[in-house]
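S.K.: Here's the letter readout for the chains.
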Amino acid sequence: MKSGQSSPAAAIGQIKRNWGLYLLLLPAVVLTLLFAYKPMYGVLIAFKNYSPALGIDGSPWAGFKYFDKFFNSYQFSNTIKNTLIISVYSLITFPIPIILALMVNQMRPNRFRRFFQTVSYMPHFISTVVMVGLMMILLSPSTGLVGNLYSLFGGEAPDLMGSTSLFSSVYVWSDVWQHVGWDSIIFIAALSSVDPSLYEAATVDGASRWNKVRYIDIPMLMPTAITLLILRVGGLLGVGFEKVYLMQNDLNITSSEILSTYVYKIGLLSSQYSFSSAINLFNTVINFILLIMVNQLSKKLSENSLW
Amino acid sequence: MGVLEPAASKRTGKIKNNRSSDSVMEIIMYVIAVLFLIILIYPLYFIVIASFSDPSAVAGGKVWLFPRGFTLDGYQELLRHKNIWIGYRNTILYTVVGTAIGLVVNISAAYALSRKDLAGRKILSLFFIFTMFFNGGLIPTFLTIRDFHMYDTFLVMVLPFSVGVYNIIVARTFFQTSLPGDLWEAAQIDGCGNLRYFLQIVLPLSKAIIAVLGLWIAVGYWNSYFNALIYLKNPNMYPLQLILRNILITNQMQSGMGSGEAAQIALRLANMMRYSVIIIATVPIMCVYPFVQKYFNQGVMIGAVKE
Chain P
1 MKSGQSSPAA AIGQIKRNWG LYLLLLPAVV LTLLFAYKPM YGVLIAFKNY SPALGIDGSP
61 WAGFKYFDKF FNSYQFSNTI KNTLIISVYS LITFPIPIIL ALMVNQMRPN RFRRFFQTVS
121 YMPHFISTVV MVGLMMILLS PSTGLVGNLY SLFGGEAPDL MGSTSLFSSV YVWSDVWQHV
181 GWDSIIFIAA LSSVDPSLYE AATVDGASRW NKVRYIDIPM LMPTAITLLI LRVGGLLGVG
241 FEKVYLMQND LNITSSEILS TYVYKIGLLS SQYSFSSAIN LFNTVINFIL LIMVNQLSKK
301 LSENSLW
Chain F
1 MGVLEPAASK RTGKIKNNRS SDSVMEIIMY VIAVLFLIIL IYPLYFIVIA SFSDPSAVAG
61 GKVWLFPRGF TLDGYQELLR HKNIWIGYRN TILYTVVGTA IGLVVNISAA YALSRKDLAG
121 RKILSLFFIF TMFFNGGLIP TFLTIRDFHM YDTFLVMVLP FSVGVYNIIV ARTFFQTSLP
181 GDLWEAAQID GCGNLRYFLQ IVLPLSKAII AVLGLWIAVG YWNSYFNALI YLKNPNMYPL
241 QLILRNILIT NQMQSGMGSG EAAQIALRLA NMMRYSVIII ATVPIMCVYP FVQKYFNQGV
301 MIGAVKE
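Heads up: the protein sequence lines correspond to chains P and F, in order. Going by full-length UniProt numbering, the residue at position 74 of the first sequence is 74; the numbering climbs one at a time, nothing skipped. Going by full-length UniProt numbering, the residue at position 240 of the second sequence is 240; the numbering climbs one at a time, nothing skipped.
FYI, nobody ran anything at the bench for these hints, they're computed from the structure. Only a predicted model underlies this, so the values are computations on that prediction, with no experimental measurement involved. In this text, a Cβ means the ideal position worked out from N, Cα and C, and glycines have one as well. Take these hints with a grain of salt, some might be off.
[Unchecked claim] The following residues of chain P were derived to be distant from chain F, with all beta-carbon distances above 10 Å: (1) 84; (2) 276; (3) 293; (4) 297.
[As the list claims (entries may be wrong)] Reference excerpt, derived from the structure (chain F facing chain P, CB under 8 Å, subset only): (5) 138; (6) 230; (7) 283; (8) 284; (9) 293.
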């Protein structure tokens, strides 16, 4: 009955006994096979001249033609540069939820703290469409809140949504605004599990509040922070499609075209299936390699790792 | 939340110097907290009051704390737009059906994977986790959906992407940590099979995790527009978010065109509608949110527990 039996006969007995569990797994396994693994096989079209009439298997091979095409196109350096700028910029804001969590942890557990937490999680539930709609309204130089603020002080408001140089800033800081509270929950949870006797000992030793934060709270958050950081670095070239696509317009397109929006446009808007898949595959592979590298590095340096 | 009272309740620091630095820190902290709250709340509050205000007052920067020139025209305009209500209906349908499917698929898979006596548990876990880091990408997935004749159907909005690996991991952790290990042994001695045990004993004990996942999945469906953008063609099947995108974002550029009185009125109403449409799309979630907040937090914390 105990796990860890290794003889095949015992394993088969276990499978027979637990057939009910396999039945419970069946829907998820079937859906994953059909809608996650089958498309993985479809990645082959990145190496083929895909034609819908011939299907994936029937289409002739193209080798690395579409990868070459991408590497030699103007959009190669441009999309990668834009994607990297956005993701590295986001990465820099990584400590902000941690600072927020440290702050919340210092608040006395009263009404204000509860209110503060409730409000800070709220924007997380706004949909991307509404969020970008909000940004367009509020950041409009002529009628928006920002425009009004500038005119109040007699200045000319910049067109934040139509700017190439400010695109990444607008993207990243609006993200911080929306998700900082939510992202802090995990750190608040980690802090609430700190052994109270540590604080008592520190108090006896005459430590100031700041020192307790510095020498107890922050070290306690490191394992959680590193795990999350690994995931973030692993997704460095995986900037999400949804928000960037909605924020794009003719004015900011040179700095807002990222890999995922380009994949969408090439693939679905201009129906170059093989080319789009090649770009997509390149992106996925780089992400995968990054994730493994960062994970190895973190294993060596700090014994924190994902697996 | 297991809230601690570090330092705050123990104001018996031995060194005087520390106490004064502590209170300075406290003051700075609360000032930052209040500023932070204003930055979070004000933009949302502005949208609410702007939705009840005369658009020329909004555009002229006269709306700051209270509605100016109170009007309900924006909301009345909404009633005329039938597609918003069709979208609303579609979103409710997708959310309800999609959440139901998602719960069944993910909870049952998670329970099976949480059982240590499941032969092949490691491989099965890897089977799911691998899809988090590697996928076929946009076009191969699109082609798969088309091959299954699911393009532009109700089914594509609720079934193919219902396996959430992160959700499965969170629920699995919950089952592992909160179900007493000897419960299954005892039930087994009484002749209870896996399925009956899952349905009659596990599920009633797992209301918390069902609530958490149900809410996560539901919010995801309510807010998503990507799948609809890719897989739907028929406007009568569009979910609310896609219709919002057309109103808030795509049509934005056109609203500046046209002249004459009729165009002016149309422009005025279109502007007002941008505010009211944000309100009606976001209110349902914001209304439910305070009541379910604690489940969301719990979910994040369960997810944070590492095996």
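S.K.: Hint numbers the structure violates, sorted upward?
M.R.: 2, 7 and 8
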